[in-house]
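Undergrad: As a plain string of letters, each chain reads:
There are 2 protein chains.
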Amino acid sequence: MLSLSRCTARSISLRALRAHHTQRPPLNSVTEHDLAHFAKFLDPPAILSTLPPVSLPADELDQFNNDWMGKYHGSSTTVLKPKTTQQVSEIVKWCNERCIGIVPQGGNTGLVGGSVPVKDEVILSLANMNKVRSFDPVSGILVADAGCILQSLTDYVAPHNHIMPIDLGAKGSCQIGGNVATNAGGLRLLRYGSLHGTVLGLEVVLPDGTILDQLTTLRKDNTGYDLKQLFIGAEGTLGVITGVSILTPPAPQASNNVILALPSFKNVLPLYEIVKRQLSEILSAFEFIDRTAYDLAVKHGQGRALSDQEVEGAECFVLVETSGGRREHDEEKLADLLESLLEAEKPLINTGVLAQSPAQFASLWALREGVTEAVSKEGKPYKYDISVPLSTFQEVVDGTREHLRSKGLLGDHAVKHVIGYGHVGDGNLHLNIVAESYTPEIQDALEPYVYEVVASHRGSVSAEHGIGAMKTHALHYSKSDVSIAWMKKIKDLFDPHGIMNPGKVLE
Amino acid sequence: MLSLSRCTARSISLRALRAHHTQRPPLNSVTEHDLAHFAKFLDPPAILSTLPPVSLPADELDQFNNDWMGKYHGSSTTVLKPKTTQQVSEIVKWCNERCIGIVPQGGNTGLVGGSVPVKDEVILSLANMNKVRSFDPVSGILVADAGCILQSLTDYVAPHNHIMPIDLGAKGSCQIGGNVATNAGGLRLLRYGSLHGTVLGLEVVLPDGTILDQLTTLRKDNTGYDLKQLFIGAEGTLGVITGVSILTPPAPQASNNVILALPSFKNVLPLYEIVKRQLSEILSAFEFIDRTAYDLAVKHGQGRALSDQEVEGAECFVLVETSGGRREHDEEKLADLLESLLEAEKPLINTGVLAQSPAQFASLWALREGVTEAVSKEGKPYKYDISVPLSTFQEVVDGTREHLRSKGLLGDHAVKHVIGYGHVGDGNLHLNIVAESYTPEIQDALEPYVYEVVASHRGSVSAEHGIGAMKTHALHYSKSDVSIAWMKKIKDLFDPHGIMNPGKVLE
Chain A
1 MLSLSRCTAR SISLRALRAH HTQRPPLNSV TEHDLAHFAK FLDPPAILST
51 LPPVSLPADE LDQFNNDWMG KYHGSSTTVL KPKTTQQVSE IVKWCNERCI
101 GIVPQGGNTG LVGGSVPVKD EVILSLANMN KVRSFDPVSG ILVADAGCIL
151 QSLTDYVAPH NHIMPIDLGA KGSCQIGGNV ATNAGGLRLL RYGSLHGTVL
201 GLEVVLPDGT ILDQLTTLRK DNTGYDLKQL FIGAEGTLGV ITGVSILTPP
251 APQASNNVIL ALPSFKNVLP LYEIVKRQLS EILSAFEFID RTAYDLAVKH
301 GQGRALSDQE VEGAECFVLV ETSGGRREHD EEKLADLLES LLEAEKPLIN
351 TGVLAQSPAQ FASLWALREG VTEAVSKEGK PYKYDISVPL STFQEVVDGT
401 REHLRSKGLL GDHAVKHVIG YGHVGDGNLH LNIVAESYTP EIQDALEPYV
451 YEVVASHRGS VSAEHGIGAM KTHALHYSKS DVSIAWMKKI KDLFDPHGIM
501 NPGKVLE
Chain B
1 MLSLSRCTAR SISLRALRAH HTQRPPLNSV TEHDLAHFAK FLDPPAILST
51 LPPVSLPADE LDQFNNDWMG KYHGSSTTVL KPKTTQQVSE IVKWCNERCI
101 GIVPQGGNTG LVGGSVPVKD EVILSLANMN KVRSFDPVSG ILVADAGCIL
151 QSLTDYVAPH NHIMPIDLGA KGSCQIGGNV ATNAGGLRLL RYGSLHGTVL
201 GLEVVLPDGT ILDQLTTLRK DNTGYDLKQL FIGAEGTLGV ITGVSILTPP
251 APQASNNVIL ALPSFKNVLP LYEIVKRQLS EILSAFEFID RTAYDLAVKH
301 GQGRALSDQE VEGAECFVLV ETSGGRREHD EEKLADLLES LLEAEKPLIN
351 TGVLAQSPAQ FASLWALREG VTEAVSKEGK PYKYDISVPL STFQEVVDGT
401 REHLRSKGLL GDHAVKHVIG YGHVGDGNLH LNIVAESYTP EIQDALEPYV
451 YEVVASHRGS VSAEHGIGAM KTHALHYSKS DVSIAWMKKI KDLFDPHGIM
501 NPGKVLE
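Sequences listed follow chains A and B, in order.
If you read the first sequence in UniProt numbering, its first letter stands for residue 1, the second for the next number, and so on.
If you read the second sequence in UniProt numbering, its first letter stands for residue 1, the second for the next number, and so on.
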């Protein structure tokens, strides 16, 4: 009986927990009184504010209040740039007691509005925490402040023949803390796996100001719950990542690539199987581009990798990249692959072109990466970053096109192209709808349609960009009610006052 | 003010949460009444019990109540063997309402007593949930019931040229659900990384009976908190894993190995750097064996890989394994490595022997794996499975030896050998102390000494074996008070009644 009565007591306190989440009161704004407190432990240059006594003009905070796409706009009055974990802890502790919202901000290079305020939260910039704490060239384990820029870390480990396990277009400005907080995917995921595997430890300032030090430099540590995993991909809603321990792989000695023209999408998957088997450990990218995307890229200035004749009858293209330890071995494997593909009884490919020089290597990648630019030049793009089973890539693209046609929205007056490209190896499809202009009709035809298609395949509405402020309403298409309910319980447990990056991830 | 008052309310409910944890009342025992309820949805063969009406003799439950080492003993009256996730859910729901403890049990092959009851908890065996749910040979993504035996999954994917990302000595009886619950490491971690990276999704029955379905088959899904990570390594204390989605890598086409004799431990790390650089992606194991361990293995019947002359002056040995996509390429890389090592101006190695046949390949591994057996034959071993920085391996082994010497415990009367071997690549050192017999003096000299040494290097007191019932008291040597406090909060949130694998991981 004792235990049963206790169970009841606990159930009540848990119901209380849930109840609180929904009826969260508004957060407080920063005041001069708060600035005076921050000034006690922060140098003057670390406090940017439109409030007295600092009284900066509002536009000095624009770069922090707005995202780089100009799509999301906050109205924060104050940006704080601490230099130490202790300073971060004191800021967070104070904001928690005062119920002031905080937006942790790294390079502010996100695509879903996760790193700018929704209202006037304090912006906590990690930019001044940019030191490498340690690097062990033997194990390849790097420990760095969260504010270190990805490219600078890549440069730091390069002389030791190591590379970072992630690579992104934004590498020049994104920060490692932000990469981890958003569980960034990028170009090396196929080869080196996700950050859930390569991040070995984290230092996190929790919403009550407590410093959670799990900054281990161990490859293996099997002692209790792996709490750090919760902060990877939480987009700063559970705490502020201040330090990262990450495993950096040895640098490959050679890279090469080849572009293949396929008569039919049906051949992509059998091709992927063969390529995986023949190239196994040196396969580092397997990128899919459909015909429409290829033609657009060429139309808008990308050097054509293949001749008219070679392109003729091709329904789609695949870019294969290898990265290995010895050039001659890798080239032999790749040449043999190409030969066996071309000489097969029922060839899966029409033709293939192997890069013969660093310049050609770069131009093949430019073709793949040029698709994004071409799409923007061609019209107004609706972009979806989704994960669906490899076998459904074409089906999803064609289905969307037919859906728009059935709505009378296909054609120069509305939607000009529906294209698909992306990372076959990761099951990550970039579905782009190129329209003459943005219209409510097209928007309504696409959503929730696309999300429902993704859900029907048990896919992900955000393969690598995260949820941020943009997709909180779409979370339920990829996560069950039970999952979302438990996310909210975790959020309540760590951040009962709801101060950490409010309005992001969870509605 | 509103918000401040609310904050206070929340703080109280959180304090309540914490308070509860420590004053948890005793759990209830299973009764005939409970058996009658289970019989409503479980077939008779799925209920093994010493209670009426089943009334089996107690020894029929021995294999479930005791671990394979005979070190841990439970006194459970009842073992349930559900066939479906729904049945697991109904069992857990009932036990939660009745406050009856549950021990999820897979192959019961653990080393820390995590899978047997501490008292008379119900044993929930996953053995009858042993179906493969799906396998995609293109992506290599396998979805299986938690009760599938690791070896049977390895056999299942083999015809598709895939392998499981983990391999263990216990592969013939351990189950994938148990592997995930204990975050098993094993022999392939250096190459394929930890389960936190290779497990893509889980199906878990939570302590209130709710089914948390995160059984995604997506390589990339960036939609909210990655809850499944909490259950990887939680050893069944947060819920029962019933299904696993895991990424299986392409099978390597060729494997080879070489044993190297080193004049000094100081050479191990520079050697590891060179080997990593020259073999890069085909390096699949880098195992360290000190001289004492080598001599013991030879003394107790392992074929000697090297001649007396070759062994002379060797302080330690390294076993290097490669696994790659093409035999001739791999052999060339390995041969070139050996040549460059031997012809170096200041050679890091005295000599090296390259396996010339599958038989030699096996015998080199037998030498490494034979150390464990040799140690047992030589005396009574005290075994420590720890993670420490690579650079401190020898220091930890020698320091322990000196410590024992200073206590007058080194010599045939007490401790005969202190040896070190293990996975350099993973930073995982197996520290073995071989004694004439187990004595309180030696035990007291070793603990907490060894744990304190580990803590001084910010190491792990359990690199891969987990905490179970054995090391709950030592958890604080590897995890900060803050980390442990938050583990307890997570435990309270998921399992307020404390029914899931009580007495494991957290005291």
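You may find that some hints are simply not true.
Ranges of calculated distance between the beta carbons of each label pair, as one might list FRET restraints [as the list claims (entries may be wrong)]: (1) Asp-481/A / Ser-173/B: 54 to 64 Å; (2) Ser-480/A / Thr-372/B: 52 to 62 Å; (3) Thr-372/B / Pro-270/A: 58 to 68 Å; (4) Asp-155/B / Glu-97/A: 54 to 64 Å; (5) Pro-270/A / Asp-62/B: 45 to 55 Å.
Calculated cross-link-like contacts (lysine-lysine; reagent style DSS-like; alpha-carbon spacing at most 30 Å) [as the list claims (entries may be wrong)]: (6) Lys-266/B / Lys-488/A; (7) Lys-489/A / Lys-407/B; (8) Lys-71/B / Lys-489/A; (9) Lys-489/A / Lys-93/B.
Hints were generated in silico from the structure; no laboratory data involved.
Every value quoted in this text rests on a predicted model; they were computed, and no experiment measured them.
Glycine is no exception: its CB is placed at the ideal position from the N, C-alpha and C atoms.
Undergrad: So does Pro-270/A sit 45 to 55 Å from Asp-62/B, Cβ to Cβ?
TA: About 51 Å separates the Cβ atoms of Pro-270/A and Asp-62/B, which means 45 to 55 Å holds.
Undergrad: Given the hinted pair Lys-489/A and Lys-407/B, is their alpha-carbon gap at most 30 Å?
TA: Roughly 52 Å between the alpha carbons, so the hint for Lys-489/A and Lys-407/B is violated.
Undergrad: Quickly compare the C-alpha distance for Lys-71/B and Lys-489/A to 30 Å and report which way the hint goes.
TA: violated (38 Å)
Undergrad: Is Lys-489/A close enough to Lys-93/B, meaning Cα to Cα at most 30 Å?
TA: holds (19 Å)
Undergrad: That 54 to 64 Å hint for Asp-155/B and Glu-97/A (C-beta), does it hold up?
TA: holds (59 Å)
Undergrad: Check the hint pairing Lys-266/B with Lys-488/A against an upper bound of 30 Å on the C-alpha distance.
TA: violated (51 Å)
Undergrad: Tell me if the beta carbons of Asp-481/A and Ser-173/B are separated by a distance inside 54 to 64 Å.
TA: violated (37 Å)
Undergrad: Quick check on a hinted range of 58 to 68 Å for Thr-372/B and Pro-270/A, using CB atoms only.
TA: violated (44 Å)
Undergrad: Per the hint of 52 to 62 Å, is the separation of the Cβ atoms of Ser-480/A and Thr-372/B within bounds?
TA: violated (44 Å)
Violated hints for the displayed structure, listed by number in ascending order: 1, 2, 3, 6, 7, 8.
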